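These protein sequence lines are chains P and A, in that order. First residue of the first sequence: 1, per UniProt numbering; consecutive thereafter. First residue of the second sequence: 1, per UniProt numbering; consecutive thereafter.
Rather than coming from a laboratory, the hints here were simulated on the basis of the structure. Treat the hints with care, since some could be wrong.
[Claimed, not checked] Each computed DMTMM-like pair below joins lysine to aspartate or glutamate, with the alpha-carbon atoms no more than 20 Å apart:
#, chain 1, residue 1, chain 2, residue 2
1, A, K18, A, D221
2, P, K61, P, E50
3, A, K14, A, E74
4, A, K108, P, D429
5, P, K199, P, E147
6, A, K136, P, E455
7, A, K100, P, E442
8, P, K425, A, E144
9, P, K346, P, D279
10, A, K40, P, E473
11, P, K454, A, E89
12, P, K425, A, D221
13, P, K77, P, E295
14, A, K100, P, E473
15, P, K148, P, D279
16, A, K165, A, E237
17, P, K454, A, E51
18, P, K425, A, E52
19, A, K108, P, E467
20, P, K425, A, E89
For clarity, every value in this text was computed on a predicted model and none was experimentally measured.
So the chains spell out like this:
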Amino acid sequence: MAYTEEELKKELETKEYEYGFYTDIESDTFPVGLNEEIVRAISRKKEEPEWMTEWRVEAFKAWEQMIEPEWANVTYKKPDFQNISYYSAPKKKDKYNSLDEVDPELLETFNKLGISLDEQKKLAGVAIDVVMDSVSVATTFKKTLAEKGIIFCSISEAIKEHPELVKKYIGSVVPKKDNFYAALNSAVFSDGSFCYIPKGVRCPMELSTYFRINQAGTGQFERTLVIADEGSYVSYLEGCTAPMRDENQLHAAVVELIALEDAEIKYSTVQNWFPGGKDGKGGVYNFVTKRGLCETNAKISWTQVETGSAITWKYPSCILKGDNSVGEFYSIAVTNNYQQADTGTKMIHLGKNTRSTIISKGISAGKSQNSYRGLVQINSRAENARNFSQCDSLLMGNDCGAHTFPYIEAKNKTAQIEHEATTSKIGEDQIFYCNQRGIDTEKAIALIVNGFSKEVLNKLPMEFAVEAQKLLEISLEGSVG
Amino acid sequence: MLKINNLHAGVEGKEILKGINIEVNAGEVHAIMGPNGSGKSTLSSVIAGKEEFEVTEGNILFQGEDVEEFSPEERAHKGIFLSFQYPVEIPGVSVTNFMKTAINETRKAQGLEEMPANEMLKKIREKSELLEIDRKFLSRSLNEGFSGGEKKRNEIFQMAMLEPKLAILDETDSGLDIDALRIVSNGVNRLRSKDNAVVVITHYQRLLDYIVPDFVHVLLDGKIVKSGGAELAHELEEKGYDWIKQEKVSN
């Protein structure tokens, strides 16, 4: 088969969501609606201390006064916040002592996703804190980590076991009134992950979390807090898949990273939530606030591969507070069919000699819209700050769009800011060239897309890079490669 | 090996090839010469199976099979190779990775296992030496930022790696300086055997000093108007295409 625009379009449309299945696990779900009582009930349900309850209530009161933002380059039907259930947890008898006690159907879900805990446990170097509908159900490798003094647990557990750390840092980078969705998350967050790396410790393994939205109509509000103490290092992986749903699911997570003096945090995400059907029906709304704070000489790297969600609204950012601190953002965002993504980053340079790098790769197909939105802000006392930004867009077909919104605010004249942008299209000539060498169209697209995304894929940890590469192929092709 | 019978083909209803007949046997080198716009590149695209061209009459037989129903990649799997006049760039895909994919996809189609890495490496080393290609070149993105000469040399390197039965060299000499021309021709000559065939498509006679053809065909306005031996190319160089045109008119 040779290759025309028409055929490309057709091929892109035939891709079906691979992970569209629903796990039938008994769960404990709150009635729909949101008010102060619900917020208090969530806190009670989670047996939280009073300071946490009050923190949530304060956030809720702030949220009530806020208006949903509309500046993003996306159009969608606003969620009805009173028609969402704000708490859903798989019912459990007691705490699990071993995997054998975990619901077999849940384990089966992980098997379908190819991330069976059994297998993962054996894979040296990866500890997983599995979050399934808000509550962590299994945590592995805890012992190895504990020996180094590393804390890696659910945020609920951290609130109980390490209140001094949580109290000190939660909301310190993303204040509870930061924005509409951050405030909502602060009020109702169900669970999430907590990680603390002590002074001078290099975390010996990649820490990883798999998120999954499961209950129909349940919004998920994850809260992640990662603290790297002075001179420490951690690489954190977050991967997401969700079952197919015919209604929109709201996801509003908050991730806060704190890199103290000389510390380094690498945060990688592969996101594959249900993008909606090819007619644009359903799909996850992903409104996330991710932000990191760098103290002196610290470094934060965000790497993301975004292939899912109907609407994505996400700007992992770095506040380069300390002198000589470094912020990096590497992103691949793929949109197909009716998906809309408005994603990018913010690099806020406050300290002297701060540096930031932004590499953004947007791939649009079908009738999708893909926007890069980035802010580079150089504060007046940020002497010799440097930024390099590169935004590349790849278009497939004639019905999709790529947009770039770079914002630059420089208040110090010693700043050096570079911005490069390119837009290209997968051409019939490229496809024919590959065909002539014996490479079929599907493989040719995969090759071209992977080549386009290479600079970012290279930044991912090895095991994630393979998964991500596969995901790109799945997202853009007629069948699984 | 290749038999083209009364081939009529065009694009968007406009006929470009108006009844071509050529027969190429294993072990032979044919040159197709003609001025700009005579249909040379269309002929190579049609043989390779480029979709935008439509065959309206006649057929192309490759090893006795009508290629009409075969996709471009199937034709490649059967051993048809086209050295492009304007090779495309594929950013981020190294020459090595591209070659590895092409070879393994072809092997897969033939029901063979993937080529073992050490065998691939050996082959890459051997063929890159043949074409005097620096190893560093192989890690660069395919054709991205390549000079005209590098692009063409890379095409012939791919041909050497894929070992096709029939190689069509479309204006391979354009953009080559004299040294590159020597290296490329040398490579092609070394790859010639009694089992494969080469069709050289060119505007100028220059390349044919290095790759000496057994047969020369002159393509004019979509038709082969004259065929002969290597000496025909020299005659063309001396007298120009007008000579043929006049001859054609007087006939």
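Consistency of the hints with the structure:
Only pairs whose Cα atoms come within 20 Å are accepted, and K18 of chain A paired with D221 of chain A is accepted, the gap being roughly 8 Å. Note on K61 of chain P and E50 of chain P: the hinted pairing holds, with a Cα-Cα distance of about 16 Å set against a maximum of 20 Å. Annotation: proposed proximity of K14 of chain A to E74 of chain A is violated, straight-line Cα distance about 27 Å (limit 20 Å). Using a Cα cut-off of 20 Å, the hinted pair K108 of chain A and D429 of chain P is violated, with the two alpha carbons roughly 24 Å apart.
Restraint check for K199 of chain P and E147 of chain P: satisfied, since their Cα atoms lie roughly 14 Å apart, inside the 20 Å limit. Annotation: proposed proximity of K136 of chain A to E455 of chain P holds, straight-line Cα distance about 19 Å (limit 20 Å). A threshold of 20 Å between alpha carbons decides the hint, and for K100 of chain A with E442 of chain P the separation of about 16 Å falls inside it, so the pair holds. Taking the CA atoms of K425 of chain P and E144 of chain A, the gap is near 15 Å; set against the 20 Å cutoff, the hint holds.
Taken as a hint, the K346 of chain P and D279 of chain P pair is broken in the structure, with Cα atoms around 33 Å apart against an allowance of 20 Å. Taking the CA atoms of K40 of chain A and E473 of chain P, the gap is about 37 Å. The hint is violated against a cut of 20 Å. Distance restraint check for K454 of chain P and E89 of chain A: the Cα-Cα separation of roughly 15 Å lies within the 20 Å cut-off, and the hinted pair is therefore satisfied. Our distance criterion of 20 Å between C-alpha atoms is broken by K425 of chain P and D221 of chain A, whose separation comes to about 34 Å.
Annotation: proposed proximity of K77 of chain P to E295 of chain P is violated, straight-line Cα distance about 40 Å (limit 20 Å). For the given pair, K100 of chain A sits about 18 Å from E473 of chain P by alpha-carbon distance, which is consistent with the 20 Å threshold. Distance hint between K148 of chain P and D279 of chain P is unfulfilled; the C-alpha atoms sit about 50 Å from each other, more than 20 Å. Between K165 of chain A and E237 of chain A the alpha-carbon distance is near 30 Å, which puts this suggested pair outside the 20 Å criterion.
With a C-alpha separation of about 30 Å, the suggested pair K454 of chain P and E51 of chain A falls outside the 20 Å cut-off, and the hint is violated. Distance restraint check for K425 of chain P and E52 of chain A: the Cα-Cα separation of roughly 18 Å lies within the 20 Å cut-off, and the hinted pair is therefore satisfied. Distance hint between K108 of chain A and E467 of chain P is unfulfilled; the C-alpha atoms sit about 23 Å from each other, more than 20 Å. The straight-line distance between the Cα atoms of K425 of chain P and E89 of chain A is roughly 12 Å, inside the 20 Å bound, and the hint therefore holds.
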